[in-house]
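With our numbering applied, the sequence shown corresponds to residues 1 to 380, in that order.
Watch out, some of these pointers could steer you wrong.
Said to hold, decoys possible - Each computed BS3-like pair below joins lysine-lysine, with the alpha-carbon atoms no more than 25 Å apart: (1) K256 - K47; (2) K328 - K318; (3) K279 - K209; (4) K337 - K279; (5) K6 - K256; (6) K209 - K133; (7) K133 - K47; (8) K133 - K273; (9) K279 - K303; (10) K120 - K256; (11) K120 - K380; (12) K303 - K130; (13) K116 - K256; (14) K279 - K130; (15) K47 - K209; (16) K174 - K116; (17) K47 - K208; (18) K133 - K256; (19) K174 - K256; (20) K133 - K116; (21) K328 - K303; (22) K6 - K23; (23) K47 - K174; (24) K47 - K279; (25) K380 - K6; (26) K318 - K380; (27) K120 - K133; (28) K328 - K116; (29) K303 - K318; (30) K273 - K318; (31) K318 - K337; (32) K23 - K256; (33) K6 - K318; (34) K273 - K380; (35) K130 - K120; (36) K303 - K380.
As the list claims (entries may be wrong) - Computed spacing ranges between beta-carbons, pair by pair: (37) H227 - N352: 15 to 23 Å; (38) P284 - E310: 25 to 33 Å; (39) E310 - E224: 54 to 62 Å; (40) P284 - K120: 39 to 47 Å.
Since the hints were derived computationally from the structure, they do not count as laboratory data. Here the structure is a predicted model, which is why all the values come from computation and not from measurement. Glycine included, each C-beta is placed from N, C-alpha and C at the ideal position.
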Amino acid sequence: MSSSNKIWLSSPHMGGTEQNYVKEAFDTNWVAPLGANVNGFESDLEKYQGEDSLVAALSSGTAAIHLALIQCGVTQGDEVICQSFTFCGSINPIIYQGATPILVDSEPDTWNICPKYLEKAIEDRIRLGKTPKAIVAVHLYGMPYKIDEVHAIADRFSIPIVEDSAEALGSTFKGQKCGTFGRFGILSFNGNKIITTSVGGAMVCNSKKDKDYTVFLATQARDEAAHYEHTAVGYNYRMSNITAGIGRGQMEVLDKHINLRRGMHTFYERVFKNISGVKVFTEPNSDYHSNHWLSAIIVDPEKTNGITREDMRIAFAKADIESRPLWKPMHMQPIFKDAPYYGNNVAEELFNEGLCLPSGSNLTDADRDRIENAIFDLFK
Numbered sequence: 001m002s003s004s005n006k007i008w009l010s011s012p013h014m015g016g017t018e019q020n021y022v023k024e025a026f027d028t029n030w031v032a033p034l035g036a037n038v039n040g041f042e043s044d045l046e047k048y049q050g051e052d053s054l055v056a057a058l059s060s061g062t063a064a065i066h067l068a069l070i071q072c073g074v075t076q077g078d079e080v081i082c083q084s085f086t087f088c089g090s091i092n093p094i095i096y097q098g099a100t101p102i103l104v105d106s107e108p109d110t111w112n113i114c115p116k117y118l119e120k121a122i123e124d125r126i127r128l129g130k131t132p133k134a135i136v137a138v139h140l141y142g143m144p145y146k147i148d149e150v151h152a153i154a155d156r157f158s159i160p161i162v163e164d165s166a167e168a169l170g171s172t173f174k175g176q177k178c179g180t181f182g183r184f185g186i187l188s189f190n191g192n193k194i195i196t197t198s199v200g201g202a203m204v205c206n207s208k209k210d211k212d213y214t215v216f217l218a219t220q221a222r223d224e225a226a227h228y229e230h231t232a233v234g235y236n237y238r239m240s241n242i243t244a245g246i247g248r249g250q251m252e253v254l255d256k257h258i259n260l261r262r263g264m265h266t267f268y269e270r271v272f273k274n275i276s277g278v279k280v281f282t283e284p285n286s287d288y289h290s291n292h293w294l295s296a297i298i299v300d301p302e303k304t305n306g307i308t309r310e311d312m313r314i315a316f317a318k319a320d321i322e323s324r325p326l327w328k329p330m331h332m333q334p335i336f337k338d339a340p341y342y343g344n345n346v347a348e349e350l351f352n353e354g355l356c357l358p359s360g361s362n363l364t365d366a367d368r369d370r371i372e373n374a375i376f377d378l379f380k
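Please model the entire structure based on the sequences and the hints provided.
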């Protein structure tokens, strides 16, 4: 089967007006960083997020986490807590700052940071004389973490939360948008996300002071002067006016994309309803509203007559359908094998038995038929 017929896990989905905004950038010669599209994209995101959010458009979600950690005061020798079950972009900025990641297991309801082990990790690090400087809490695959419990713990120990909502734009907890609960919120617009700017991310801030300082750091920390004056180390982390133009067009179809991805999740719930041993990852209760950026399943070979996650992945691959194992936990990664870890084996079991399925908002009825046939061929 040709690659043109391949069904991808999560491919870009243009809405149709993106080129108009990009053309405007060319027509006005605002092709360098900053311009009307950057300002407009930030404004669009601020209105969408609500809660009086202020947004700084940046070059990536990883860059946003880095700048958030800087503003939380993370420096050489500090410690930062993060869930182990995540993408490396959640962890790497901790290393950029010369700090040590303290990794925490997930809980089985949302697959996100476990409140019990979070509390244990904080208490243990304090006992060892190292109060964590920040907590990076992730809304994995669009599913909100246990916000009430996690924030209650963080507040009790006065530790700021960097809310990694890279996968959760449009997800809500008790009606409030993910990315608006922490000291800082992080968004990503990478090519596989629910909307894309090709590459890019954003920082969601609670105050004008935080946004202004984020923009300052992201534009090489240039002080106000006729010449180039610098009193701090800065970074080249600002989003360009061209990529922001793509984002402006994508914002027009964001809610549509969310509905289509949630529709894919409903599709998988129907397909696997009568297949023993396969569980579709879904919200634990009505407080949680996931964008279902990626639909995922857990495969229990003891209940599937021996069919494993890997059997499913290979069957999909033979049908030219992309699927992918869940994130490999950071404490299992060679680069982080020596990092302190608090937990049991929830993250490891999720990695061993979990599979992400095609979830794009641009999948067709014909694509869904192929996916369903591949599943039924395996489980017949």
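(message) For each hint given before, does the structure comply? Return the numbers of the non-compliant ones in rising order.
(response) 3, 4, 7, 8, 10, 11, 12, 13, 14, 18, 22, 24, 31, 37, 40
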